[in-house]
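Number of protein chains: 2
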Amino acid sequence: MSKHKHHIGLIERYRDRLPVSASTRIISLNEGNTPLIQLQNIPRLIGKDVDIYVKFEGLNPTGSFKDRGMTMAVTKAVEEGSQAIICASTGNTSAAAAAYAARAGIKAFVLIPDGKIALGKLAQTLMYGAEIIQINGNFDKGMSLVKEVADHAPVTIVNSINPYRIDGQKTAAFEIVDDLGFAPDYHCLPVGNAGNITAYWKGYTEYATSRVCSSRPVMCGYQAAGAAPFLAGHPIDDPETIATAIRIGNPQSWDFAWAAQKESGGWFDKFTDEQILAAHKMLSQFEGIFCEPASATSLAGALHDIGSGKIPEGSKIVCTLTGNGLKDPDTAISQCAAAHPVTIDASLDAVKRAILDCL
Amino acid sequence: MSKHKHHIGLIERYRDRLPVSASTRIISLNEGNTPLIQLQNIPRLIGKDVDIYVKFEGLNPTGSFKDRGMTMAVTKAVEEGSQAIICASTGNTSAAAAAYAARAGIKAFVLIPDGKIALGKLAQTLMYGAEIIQINGNFDKGMSLVKEVADHAPVTIVNSINPYRIDGQKTAAFEIVDDLGFAPDYHCLPVGNAGNITAYWKGYTEYATSRVCSSRPVMCGYQAAGAAPFLAGHPIDDPETIATAIRIGNPQSWDFAWAAQKESGGWFDKFTDEQILAAHKMLSQFEGIFCEPASATSLAGALHDIGSGKIPEGSKIVCTLTGNGLKDPDTAISQCAAAHPVTIDASLDAVKRAILDCL
Chain A
1 MSKHKHHIGL IERYRDRLPV SASTRIISLN EGNTPLIQLQ NIPRLIGKDV DIYVKFEGLN
61 PTGSFKDRGM TMAVTKAVEE GSQAIICAST GNTSAAAAAY AARAGIKAFV LIPDGKIALG
121 KLAQTLMYGA EIIQINGNFD KGMSLVKEVA DHAPVTIVNS INPYRIDGQK TAAFEIVDDL
181 GFAPDYHCLP VGNAGNITAY WKGYTEYATS RVCSSRPVMC GYQAAGAAPF LAGHPIDDPE
241 TIATAIRIGN PQSWDFAWAA QKESGGWFDK FTDEQILAAH KMLSQFEGIF CEPASATSLA
301 GALHDIGSGK IPEGSKIVCT LTGNGLKDPD TAISQCAAAH PVTIDASLDA VKRAILDCL
Chain B
1 MSKHKHHIGL IERYRDRLPV SASTRIISLN EGNTPLIQLQ NIPRLIGKDV DIYVKFEGLN
61 PTGSFKDRGM TMAVTKAVEE GSQAIICAST GNTSAAAAAY AARAGIKAFV LIPDGKIALG
121 KLAQTLMYGA EIIQINGNFD KGMSLVKEVA DHAPVTIVNS INPYRIDGQK TAAFEIVDDL
181 GFAPDYHCLP VGNAGNITAY WKGYTEYATS RVCSSRPVMC GYQAAGAAPF LAGHPIDDPE
241 TIATAIRIGN PQSWDFAWAA QKESGGWFDK FTDEQILAAH KMLSQFEGIF CEPASATSLA
301 GALHDIGSGK IPEGSKIVCT LTGNGLKDPD TAISQCAAAH PVTIDASLDA VKRAILDCL
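Note that the protein sequences, when read in sequence, are chains A and B.
Residue numbering for the first sequence follows the UniProt record's numbering, beginning at 1 and increasing consecutively.
Residue numbering for the second sequence follows the UniProt record's numbering, beginning at 1 and increasing consecutively.
Just so you know, these hints were derived from the structure itself, not from any lab.
Take the hints with a grain of salt, since some may be wrong.
Which copy is meant is left open, because identical chains are indistinguishable; a pair holds if it fits in one copy or across any two.
[Said to hold, decoys possible] Once the Cα atoms are required to be at most 30 Å apart in a straight line, the calculated DSS-like pairs of lysine-lysine come out as:
#	residue 1	residue 2
1	K310	K107
2	K262	K352
3	K48	K107
4	K352	K316
5	K107	K352
6	K48	K147
7	K281	K107
8	K202	K147
9	K141	K352
10	K352	K147
11	K147	K262
12	K316	K262
13	K147	K310
14	K107	K262
15	K316	K147
16	K281	K48
The shape of chain A in the complex, shown without the other chains (with noise of 0.2 Å):
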């Protein structure tokens, strides 16, 4: 048994659940085991007698739930002999790459889009020494180009078209399961690629299925209304959103995540950039905890959903926080109307009177 109790990475932690062997060397930033964090204001304040409970993603190694799918992913490829790898990315997959290629040893290549990276995970990319190709085009475009170059090139795929990924990332669910006990009566997912989603319902049916749980959630995917194919119900062309994480329009996993939402009983929905953030402001200033724009989603749709009741008193819910809100800086700044404090003298008056007009 390993010394290493607490911080064995999710493929040691799940092993007899994950395609890998004896002899596979796990390429692993200790990632996964992020806490499961119980909302105890929100529910005060909006009046419902529910339990949410948010799973913080943005608190693995490079900041979101990405790393999960990528130690699976790069573990495989490290596996199979592979020197390279390469992603279509709107950062957080460019991130996790970059990390876990660093980690391995090997090299990657990231193509992003033109100018719409958010600062953070371009920060990460580049320290972590991937290969950025930037492209005139949007995610989607970076997707298909990928998908041909690795016919003409020696780089594995590491997007979630690569299904060690899926893999990787259900394990966000077995984790839910082992720490509440059950699994959930309702899962709130951001939906971008879809994947995700795709990855948590696979994950839940395991251990359904292996009767670690003896249910499965209602699988709840929202999706911000610029950038909201499952509700138009086909892929859209020019996704816009200041939810940059989930800012596409042709999802890779589109056949599973209508799976994942008709065998659970659950639906898709969409919302607007002014609620996301809404959410997003919520979580930050009534619980102190700050995820990125595109993570609050979750719970935005979560709270839309409780409001109307189409998710009753008495739930218990979880909503994934896909990434940590250190990623998007500026959007947060731009969210705040104190964002340039002014500056009083260092004086003891000044200060005390700066206090007592707050009090």
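For chain A, the structure is supplied; the task is to place chain B on it using the hints.
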């Protein structure tokens, strides 16, 4: 027993070693339980037979080790009936104070130095809804003002002179011993206000006294060359370093830090911004771990002392990485030559060429 096996916060986990009672309302964001990651590539690169582990405190809820102390300090402030907390901060303490105050439903005031706060930290403090008081003075001036004002206004100080902060922070030493099964031979830390080296030493000492571990590490405290009062032997007036989290000239835990150094047979040393940034980049590029610039001071010092033989081969070394790299994306980006990637055509040929040029 709690159903939350893995994600209870550090007060619940170490409740018998912390000053709380059964009736204390715990203010927690499920902090602590951070990964201890063994470096795999850097020891090989430097050609030394050493086990180096990093304790990645950047994966706490607000992205730094400050959460450990803040869960204790805010829990006790609320227990004592306080409606507001205050701190002076270079950024990480203010983010933690703001988050835990939000979670508790009380007010947070943060005094920040004018114009020297990393972007991510300001974004957090604003989002968590703290009242920011920016003063025309540095951290040390802010600290002395906070101490004065707490005598004249109903606010609880949550800087590390608050003794509960140290109690919370000592749990990082517990976690390391619990993970490894023993105490390391050397523990390397960045030293700014010196609360953390004080806290680790207290934690190791408590565990050794209780025979949870049979030894205590040598404590190595590393400072930035421009902010090195422990090397000067006295407080300094105008600390300057790119490692803003340790840009402190008058450490509050002066005597405790000296005691830790002496009792452990350890030492202080200082490193230039260039040395700190080099270690910062190494960690990202060769291990996939992106920390704050200040955090890398621990590794910069460890590598120096391993190189010189002061830390002998065969040693087991823990370096604390105090904060998340996403706290300071601007410093990271300014370090990277390829910070402004060129944009290429979204065509198969152009992308293929870009890739093959690198392989």
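Cross-check of the supplied hints:
Within a single copy, K310 and K107 get their C-alpha atoms no closer than 47 Å, and across copies no closer than 35 Å, so neither meets the 30 Å cut-off. Taking the shortest alpha-carbon separations for K262 and K352, neither the intra-copy value of 59 Å nor the inter-copy value of 39 Å comes in at or below 30 Å. With identical chains, the CA atoms of K48 and K107 are at most 30 Å apart between copies only, with a shortest distance of 25 Å across copies and 50 Å within one. In this homomeric assembly, K352 and K316 never come within 30 Å of each other (Cα to Cα): the closest approach is 44 Å inside a single copy and 48 Å across copies.
Proximity of K107 to K352 under the C-alpha cut-off of 30 Å is restricted to the inter-copy arrangement: shortest distance 15 Å between copies versus 55 Å within a copy. For a Cα distance limit of 30 Å, the shortest separation of K48 from K147 qualifies neither inside one copy, at 46 Å, nor across copies, at 42 Å. Only between protomers do K281 and K107 lie at most 30 Å apart by alpha-carbon distance; the minimum there is 16 Å, versus 37 Å within a single protomer. In this assembly of identical chains, the alpha carbons of K202 and K147 lie at most 30 Å apart only when taken from the same copy (24 Å versus 54 Å across copies).
In this homomeric assembly, K141 and K352 come within 30 Å of each other (Cα to Cα) only across copies, at 15 Å, whereas the closest approach inside a single copy is 56 Å. For a Cα distance limit of 30 Å, the shortest separation of K352 from K147 across copies, 11 Å, qualifies, whereas the shortest one inside one copy, 61 Å, does not. In this assembly of identical chains, the alpha carbons of K147 and K262 lie at most 30 Å apart only when taken from the same copy (28 Å versus 60 Å across copies). With identical chains, the CA atoms of K316 and K262 are at most 30 Å apart within one copy only, with a shortest distance of 20 Å there and 53 Å across copies.
In this assembly of identical chains, the alpha carbons of K147 and K310 never lie at most 30 Å apart, being 39 Å within a copy and 51 Å across copies at closest. Proximity of K107 to K262 under the C-alpha cut-off of 30 Å is found in neither arrangement, the shortest distances being 39 Å within a copy and 45 Å between copies. Taking identical chains as interchangeable, the C-alpha atoms of K316 and K147 are never at most 30 Å apart, the minima being 39 Å within one chain and 44 Å between chains. Taking the shortest alpha-carbon separations for K281 and K48, only the intra-copy value of 19 Å comes in at or below 30 Å, while the best inter-copy value is 48 Å.
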